[in-house]
Every structure is written in C-alpha cells, then in structure tokens.
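Novice: One-letter residues, chain by chain:
There are 2 protein chains.
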Amino acid sequence: MRQWWTVVRYMSRCAQKKYEPVSISRSLRDNTPEAYGIMREALIKIERSTTVDSMPMLTEKELAANEVIMREKEVELEHGYLEPTSGSADQPMSKVLNTIRGTLLFQLLQKMPKGGILHAHDTALCSSAYLIELTYRENLWICTTDEGCKAIAFRFSIEKPTVKAMEECNWESMEEFRERRGEKNVVKYLLRRFSMFPVSSYESNNAAWKDFMSIFILIDGLLLYAPVWRDYYYHALEELHADGVQYLELRSVMPNLYCIDGEQLDVMETMEIYRSETERFKASHPDFIDAKIIYAPLRIVEPKACEEYIKTCTAFKKKYPTFLAGFDLVGQEELGRPLKDFVEPLLKMPLDINFFFHAGETNWYGTSIDENLVDAVLLGTKRIGHGYAIVKHPFVMDLIKQLDIAIEVCPVSNFVLQLGLDYFNHPAATMIANGVPIVISSDDPSFWLAAPLTHDFYYAFLGIAPFHSDLRFLKQMATNSLRYSAMSDEDKQKAFEKWQGQWDKWIDDVANK
Amino acid sequence: MRQWWTVVRYMSRCAQKKYEPVSISRSLRDNTPEAYGIMREALIKIERSTTVDSMPMLTEKELAANEVIMREKEVELEHGYLEPTSGSADQPMSKVLNTIRGTLLFQLLQKMPKGGILHAHDTALCSSAYLIELTYRENLWICTTDEGCKAIAFRFSIEKPTVKAMEECNWESMEEFRERRGEKNVVKYLLRRFSMFPVSSYESNNAAWKDFMSIFILIDGLLLYAPVWRDYYYHALEELHADGVQYLELRSVMPNLYCIDGEQLDVMETMEIYRSETERFKASHPDFIDAKIIYAPLRIVEPKACEEYIKTCTAFKKKYPTFLAGFDLVGQEELGRPLKDFVEPLLKMPLDINFFFHAGETNWYGTSIDENLVDAVLLGTKRIGHGYAIVKHPFVMDLIKQLDIAIEVCPVSNFVLQLGLDYFNHPAATMIANGVPIVISSDDPSFWLAAPLTHDFYYAFLGIAPFHSDLRFLKQMATNSLRYSAMSDEDKQKAFEKWQGQWDKWIDDVANK
Numbered sequence: 001m002r003q004w005w006t007v008v009r010y011m012s013r014c015a016q017k018k019y020e021p022v023s024i025s026r027s028l029r030d031n032t033p034e035a036y037g038i039m040r041e042a043l044i045k046i047e048r049s050t051t052v053d054s055m056p057m058l059t060e061k062e063l064a065a066n067e068v069i070m071r072e073k074e075v076e077l078e079h080g081y082l083e084p085t086s087g088s089a090d091q092p093m094s095k096v097l098n099t100i101r102g103t104l105l106f107q108l109l110q111k112m113p114k115g116g117i118l119h120a121h122d123t124a125l126c127s128s129a130y131l132i133e134l135t136y137r138e139n140l141w142i143c144t145t146d147e148g149c150k151a152i153a154f155r156f157s158i159e160k161p162t163v164k165a166m167e168e169c170n171w172e173s174m175e176e177f178r179e180r181r182g183e184k185n186v187v188k189y190l191l192r193r194f195s196m197f198p199v200s201s202y203e204s205n206n207a208a209w210k211d212f213m214s215i216f217i218l219i220d221g222l223l224l225y226a227p228v229w230r231d232y233y234y235h236a237l238e239e240l241h242a243d244g245v246q247y248l249e250l251r252s253v254m255p256n257l258y259c260i261d262g263e264q265l266d267v268m269e270t271m272e273i274y275r276s277e278t279e280r281f282k283a284s285h286p287d288f289i290d291a292k293i294i295y296a297p298l299r300i301v302e303p304k305a306c307e308e309y310i311k312t313c314t315a316f317k318k319k320y321p322t323f324l325a326g327f328d329l330v331g332q333e334e335l336g337r338p339l340k341d342f343v344e345p346l347l348k349m350p351l352d353i354n355f356f357f358h359a360g361e362t363n364w365y366g367t368s369i370d371e372n373l374v375d376a377v378l379l380g381t382k383r384i385g386h387g388y389a390i391v392k393h394p395f396v397m398d399l400i401k402q403l404d405i406a407i408e409v410c411p412v413s414n415f416v417l418q419l420g421l422d423y424f425n426h427p428a429a430t431m432i433a434n435g436v437p438i439v440i441s442s443d444d445p446s447f448w449l450a451a452p453l454t455h456d457f458y459y460a461f462l463g464i465a466p467f468h469s470d471l472r473f474l475k476q477m478a479t480n481s482l483r484y485s486a487m488s489d490e491d492k493q494k495a496f497e498k499w500q501g502q503w504d505k506w507i508d509d510v511a512n513k
Numbered sequence: 001m002r003q004w005w006t007v008v009r010y011m012s013r014c015a016q017k018k019y020e021p022v023s024i025s026r027s028l029r030d031n032t033p034e035a036y037g038i039m040r041e042a043l044i045k046i047e048r049s050t051t052v053d054s055m056p057m058l059t060e061k062e063l064a065a066n067e068v069i070m071r072e073k074e075v076e077l078e079h080g081y082l083e084p085t086s087g088s089a090d091q092p093m094s095k096v097l098n099t100i101r102g103t104l105l106f107q108l109l110q111k112m113p114k115g116g117i118l119h120a121h122d123t124a125l126c127s128s129a130y131l132i133e134l135t136y137r138e139n140l141w142i143c144t145t146d147e148g149c150k151a152i153a154f155r156f157s158i159e160k161p162t163v164k165a166m167e168e169c170n171w172e173s174m175e176e177f178r179e180r181r182g183e184k185n186v187v188k189y190l191l192r193r194f195s196m197f198p199v200s201s202y203e204s205n206n207a208a209w210k211d212f213m214s215i216f217i218l219i220d221g222l223l224l225y226a227p228v229w230r231d232y233y234y235h236a237l238e239e240l241h242a243d244g245v246q247y248l249e250l251r252s253v254m255p256n257l258y259c260i261d262g263e264q265l266d267v268m269e270t271m272e273i274y275r276s277e278t279e280r281f282k283a284s285h286p287d288f289i290d291a292k293i294i295y296a297p298l299r300i301v302e303p304k305a306c307e308e309y310i311k312t313c314t315a316f317k318k319k320y321p322t323f324l325a326g327f328d329l330v331g332q333e334e335l336g337r338p339l340k341d342f343v344e345p346l347l348k349m350p351l352d353i354n355f356f357f358h359a360g361e362t363n364w365y366g367t368s369i370d371e372n373l374v375d376a377v378l379l380g381t382k383r384i385g386h387g388y389a390i391v392k393h394p395f396v397m398d399l400i401k402q403l404d405i406a407i408e409v410c411p412v413s414n415f416v417l418q419l420g421l422d423y424f425n426h427p428a429a430t431m432i433a434n435g436v437p438i439v440i441s442s443d444d445p446s447f448w449l450a451a452p453l454t455h456d457f458y459y460a461f462l463g464i465a466p467f468h469s470d471l472r473f474l475k476q477m478a479t480n481s482l483r484y485s486a487m488s489d490e491d492k493q494k495a496f497e498k499w500q501g502q503w504d505k506w507i508d509d510v511a512n513k
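For the record, the sequence lines run as chains A and B. 315 is the number that full-length UniProt numbering gives to position 315 of the first sequence; each next residue is one higher, with no gaps. 382 is the number that full-length UniProt numbering gives to position 382 of the second sequence; each next residue is one higher, with no gaps.
Bound-form chain A, shown alone (with noise of 0.2 Å):
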C-alpha cells in the first residue's frame, strides 16, 4: 500500500527535483479526482519531456506551417496505409509506394529541406527509370540462362565479353536481346528485375535478402563501367536533390571499376570519381551542402581479410582525410560473420578513421548477430546502421543514449527486408519514446521503387511516431541528419545555416498554402 509514495518518488526524479516527498503508505486509489488529475498530467508531461515534444518552441510561421502538416497527416491516417497487411498479395507494397507519392503530405514532406542521407548504398540509389536508360548505352552486353529468358550479367565491351558471370550463361549485345524479345518486353522484364516487388512473394527475410542481393549481382557489370559508375553517381545527386536531401553519407565496397578493353582500375580511382563528381555537383548546386563516403566492404571474409581492409582504408584516408567519413562491414548480419570475430584487426584501425557499424540488423534475440550492437558500442562506433535489435538490449540503448549515437533508421528497407511486417510495429517508436537520438535513412531505395528519402519520412512522420508527433519531429529528424554526420564541427556550422535558409523558404511556402 506504499503504492502511491512510490509513483510520486519515482516522479520527482524524473522531474529532477530534489524535494523527496515524506515516505507515507497510501494506496494510489485513496485519491480525488482533482489529485488524480494532477498526477495524471504530470506524469504524462514526464513522459513526452524525453521524447521529440521536448523541443524548443516553434516559430509563429512554423505554428502556421504545423497546421497544414498535421491537417494532412490527419487524412493519410484515414487512408490506413501503414496497416499490416500493406504490402499484401491485394495491394503490393510499389503500387502502396506509388499511390503515396499522390498525397499532399508526400508533396509537402518531398520539398522539405529534410537534411541528408546518412545510410545508403552505392548501387542502391537511382530510380529504376535511369536504371533501363542506361542499358541504352553503346557496347552493353547481357548474359542470359534459362533459354534466354533469365537475365543474369551486363558488360560494357567492344566484342563479346569473355568474362564469366556468376553462373553459366550466354552472351548477346542488348540490341539482339532487344531485337529478340521486343523492346516493350524487355523494358517491363528489366523494370522488373531491378526491384523488389512483389513483397508478398516473400516467405521469409532470407528469401527477401537472396532476391535483394541478386539485384546487386545483375547490375554491376551496368554500373562498374567506369563512365557509367561516374554518370550513375552524379545522376543519383541529382534524384537525391530533387526529393530535398542537402547532404550524403554514402557506404561503398569500392570496387574495382573496368574499362572498355576489360582492363580494371584500383579502387583509389574509385574513390577518386566519386571526389571529383561530388565537387562538379555541389558547383552547379550551390544549395547542396556535401558528401562523404563511408568505406563499407563485406563482412563475409575471414577476419584476416579485414586486415586488408585496414590497409586499403587507412590509404583512403590518407588521400582524402575529409572526404572519407569511415568505415563499416556491409551484408546480411544473419548469414555473416558477428563483428567479434573481427575485433582484433578492427582495434588496429587508425583512430581518426570513425566506425558506422551496421548492427542489430534482425528481429532476433539473444544470438550473436543482436549482439553485435554490443560490439558495435564498444569498437567506439559513430553511428549504428539499423540498430533494429536495440530495443532488446535496454543497457546497451542506455550506453548509445550517453555515448551520443544515433541509429540509422531505415523504415521502408525494414518493411520490404521482412524485418518487421507493419510500421506501428517499428522499434525505433521504443526509440523515440526512449531518447534515443535517430536519424531516417532509406537504405537502398531503388530496389522498391521509393523516393530517395521521402517515403521513409512520410512512414516516419505516420507510422513510427507518436501520432500527436507534428513539424518539430521532421525539424528534430532534419537537424539530427547534420547534427550526427562526420562533418567538422566547423562544416557542420556552415551546413546548418545553409539548411535552415532553405528550411524558412519550404515554412513560407507551406505556411502560404
């Protein structure tokens, strides 16, 4: 019956007042009305004072801007697409993805200057439309098995390539392919080939990471032609910037570019393209803050491989000591290796070398794949890519919350991946709830179909947080994208004054609707 001095104790530290209330038996029910009231509201101030409510005021234009945003969040919560059985053989997920784009919240959150992309792939980025107009290229090849029908490779060569695919198959130049199956039909093949979708033909997340892992496969020969490698990522700026991201974090394995005579480049000419096209970028789009590149090679070697990985990385270092942001070990945590089998050549890396460990990437609990969050904190990571596990490990997410590290969160990866099969579900809403500092990322948006981020802000914004969640969530999640990116604090200075001139532009613009 110490019930009720136990609720005001434990509140009065919440509310880090120092006054202890006299330790008195009374049950919680021996309460008026009015008491009870009191106590009700205070806890609940307690309760969103961790969350994204405890931010700073917004502004009277912001207020303005708030109502138009919440008026149509309103209706797409009527529209119900963040139900469960989205995504279902009735409704597939791309023509969910497509018919979200329609909405006015969509429009309203694509213009919002929404900061940068700190999780993201390299091959993983342009829409599937710029995917087929490259296969127009000139001297592309593409390897076929199953009688022709199956598309497995492409090759950039003058002559037949001599190359061997993953698996057995024959080569033809895409004019005789195109020739032979029509030119319609290969579109609608490929167009289907470099997606996802249909989720629901998914049985599990190991079927969804082998068909997700055999788009990598098809497309590399398209796009580690070194012309195509520079044009595609120049081309995914561009996407990036026209769904309002200022700033990238890209993760790359780096590889080896080849040329038209089949001769292969080292990987520093790799990295090299991608300096060189991310200047001519941000000169002819002043708005566009930067971007970095995190060096992110597989994580299914042995862990004397990782040595070389080192090597390689401390040598990118060196060359573009800015420009590189880090490192991290990509590729399906449940089929890898755990990143301890990795901690005696990972405790080698040069200490101005930042890690961003992928970790907790599963809905599993208790193996040594959630456990690699563990690892994750202790190797001194920046950042944790999906941290999905997290809120499975309730001292490891208090660490992450005193060490200041956000998690990459990735909300429509998870959905298509299988991790997690509806958003209310999500585990970053324990996150959020929790004070845990997230940032919205889109992992590899053009293998569903999605925009570059704004799908997964709009799934954010809906489904994940609190739905009383209004402008200063998307303000919280914008500025969080700065806030935890590898910039200097000087950089990030520079970066904040450049985002928020295009932030009260998008607030008069919203504000005025």
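Among the hints, a few may not be true.
It does not matter which identical chain is meant; a pair holds if it fits inside one copy or across any two.
Stated by the list, open to error - Below, a list of computed lysine-lysine pairs in the DSS-like style, where the Cα atoms sit at most 27 Å apart: (1) K401 - K45; (2) K45 - K382; (3) K505 - K282; (4) K45 - K340; (5) K348 - K401; (6) K401 - K150; (7) K150 - K282.
Derived from the structure by calculation, the hints contain no laboratory data. Source: prediction; values computed, not measured.
Starting from the known structure of chain A, fit chain B onto it as the hints suggest.
Specialist: For chain B alone, kept in the frame of chain A given last:
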C-alpha cells in the same frame, strides 16, 4: 574521447559497485583485445542479469530435463513456424497451430505444469468440438438470415423462440436446420463460424475485431442457457486441466442467464454457478489449485453506467469475498472509452476490490488508447491485460516494475487480432529484456482453435524470449502465474507446494526421455 570512462562508469553503476573509476579521457578503441573481451563479457553479464537468466540455478534433474527441451527448441526453430508469413494465405494459422500440436516440444510443454491462466474470457475457453457437442442438446433453436444461409443466434426453448436476435432472422429447430442443410454440412459450417480462421482474410485490426465480436454474439444464446453455462464452465476447467493448467482467473461479463421458459436469472446466480462448479471440480481434481472470477463488464458504456458496475461488483465482493478476484472493463480498447473517462466512478470502488485492467491492447502510439496504461497504473491496477503498447511508454514501464505489476501477455491473441504479424517483433521481448514481470496467457483460445495455454507458451518460448532462454524461463512463467495471482499469501504458499509436486514429477518424466 571520454567514451571509455562513460562505459566503465555506467557498467559499474549497473553492477551496483560503489567504486567509481577515475574519470579519464580515453577512446573505447584504445584497448587491447583482452581488455575488450573483459568489457564485453561484463556488459553481456549485466544485460542478462535483469532478465529471466538471472534466476536461481537449476537442479541436476532440471538440467537434464533442460537438455531435452533445448534440443527440441532447436528443432522447432529450424522448422520456422515463427516466420512472419506463417498465418498467411498459403499456410493458414489454424493449420500451423495444428502442425505445432504434433511436435515433441508442444507435447512436452502441454504436460508441463504451467500454473495459472490469468487472462481469459468467459465464453471463449472451450474447444469448438465441445461447442458442436452442445448444439445437439434438446430444445435448441437456431436463427438464420440470407435465405437460411447465415446463422445469427441460438436459443433454448420448448416452443419456437419469440426473443429477437441482433438482426431480423428466422428461427428453426436444430433438427430442422440439420435436416435442411445436411448434418455434415452443418458441422462444417458451425466449426467455421465458431473460429476466426483463416486469419489471412482480415484487412486490419478492426476487421479482425468485428469477426471476433460476431462469434461472441453468435454463441451467446447457446451458452447463456443456465444448464449449459454450468456445463460449459465445468468442461472448460477439464480442458484447462488436461492442458497442464492448475489455476484460473476468469474475466466474465457476468450475463443474466436464462431458463427454458425464457425467465432471466439474477447475476448473483451466474456467480453462484461459477462458485459451485469450481468447488465440484476441485473436489474431483485434487491436483487443481483453484479458480476465481474477475467481474469484467463492457467498456463501451457511458461513464454513468460504471456506477452500476461498481454496485454489482460490491455486491459480488460481499457475498464472495475471496472467489471474486477483482474488476476490469472489456471490449476493443480502440473503439471503447478510454479509462480516463471512468476515473471518477472508479475511484469510488471499495479499496478491497482489486483492479485488473486491460490497457494498451493496441499498436498505436500517442493516443488516448495507449495512454490507458497511464491510467491503469495510476488507478492502482494489480496487473495489466495485454499492455502491448507499454514499450512506447518507458516511464510507465519503469513504474510498473517498481510497483511490481505484472503484464498479462497473450501471444496468439495479439497475432490473430492483428496487433503484430510476427512473434519476433512482439513487445514482450522488450518487457523481458527490461525485467518487467510478465505472465503468459491465452485470452480467447476457443476462437482460434488453440490449446487452452500451450500454444501461447510455445510462441513465448520460441518467438519472444531470447533464443538462449531455457527451462528457467518456462519455470519463471509458471511460478509468475501463481505469484501475480489474486490469491492470499497463505493460499499462494499452498498453491506453490501443490504446483511444485507436479513440477518435480514432470521434470522426472522429461529428464528420463
């Protein structure tokens, strides 16, 4: 760069060591692999210390039984009945539940003395087979619509019933109905109507609830006939007993039962039937511990109606001071009134009547529905029904721990009623990780053709608890169900002793396999 110090300080606090390491500025990465290994081990130990892994060691016999159980757990995890798509169109949930019945793990869990069911509803306990049996009782009539296709209601009566069902329909005797449609067809049809499968047909939580409620309505006239009510309850206890359940706290709306001549009985008679059948059952099943009733009328009422509830409940308490466990309000939270609307009358409930509120049975966040959790706690609830949304309310969750309130987790119910479409994302994993007390329950097993409790234990053990959780978890769940029951301390002691005898016998059986 004071990361190292932050982590060490945090860990020593968690371990409740008084010693505070000297504050030093040092990167986590400035570490030898050996020192890293020690920190890692310590952190994982701290993590696991709050969960069920901190339970006392197992006896030698229990360790032997544990080996058998863990071997079967691995077999089941391989089978993957926990995949998000189990329960999809290809493999309907009812089929999955049936397949699980055939596994060795299920059979082990079924015989395991699981303690009590603390969350179940009055007319949703018995198997469909038993409901079919009841439809062969004398003087039963059925009311149909849609040209005699759709059954709407049942009624026992000598003459054709004159009572009105929920909608316009035609009464005919069960004999006529069976003759008209063919006996086999009728059985097949009714089996389908008595359960919610196939689950895949629901588009949303709301659609699932609609079908769910329609079963309650359909079977009302069949079960509210006083002699059937008595038999149904007694048979439910038999089914529970056969499923390894020793105790029950049943939530009942306490309907007025009817007699063959249409006369209605007072609700005190309903309670008296429960009491006398419980005593009769205990007399013939000495290993059964006890059963109690939670008076749980509907929440879709005006707050004023709650005053009537309190009067009725007070009368129950007076006549059945220990058989009445307490009070709750039931029905779909998302459509019914929030608890806060009832605060004024509820604060008038006599203090010796305990609350066992449903709260947070939703995957929404930041609404008056998930905030029911705040009110349940502030109203001094002894347990919380479902509490699904608690992981989005960390402060309330902390309070729940401090007040030692247990959450009644019903895995299969949450799945079928579409709160979450896979077990790996069930919020109870986060409750376990945070050391929140939980009990496993089954809600309405009749409506999804599940065993009274074993399926829920199966899913909690395989899909929700950590992969490495073992017999200690199962033992904790069983003992929790007695510890958090409404029994007096003295009765709990006796209950534990009775349970322990059965537990030891079961351990012997398993260890000898």
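Novice: So, for every hint listed, does it hold in this structure?
Specialist: Okay, the hints, checked on the actual structure:
Within a single copy, K401 and K45 get their C-alpha atoms as close as 20 Å, and across copies as close as 20 Å, so both meet the 27 Å cut-off. Within a single copy, K45 and K382 get their C-alpha atoms only as close as 31 Å, which misses the 27 Å cut-off; across copies the closest is 24 Å, which meets it. Proximity of K505 to K282 under the C-alpha cut-off of 27 Å is restricted to the intra-copy arrangement: shortest distance 20 Å within a copy versus 75 Å between copies. Only between protomers do K45 and K340 lie at most 27 Å apart by alpha-carbon distance; the minimum there is 16 Å, versus 41 Å within a single protomer.
Only within a single protomer do K348 and K401 lie at most 27 Å apart by alpha-carbon distance; the minimum there is 26 Å, versus 42 Å between protomers. In the homo-oligomer, the alpha carbons of K401 and K150 never lie at most 27 Å apart, since the shortest distance is 48 Å inside one protomer and 57 Å across protomers. Taking identical chains as interchangeable, the C-alpha atoms of K150 and K282 are never at most 27 Å apart, the minima being 40 Å within one chain and 68 Å between chains.
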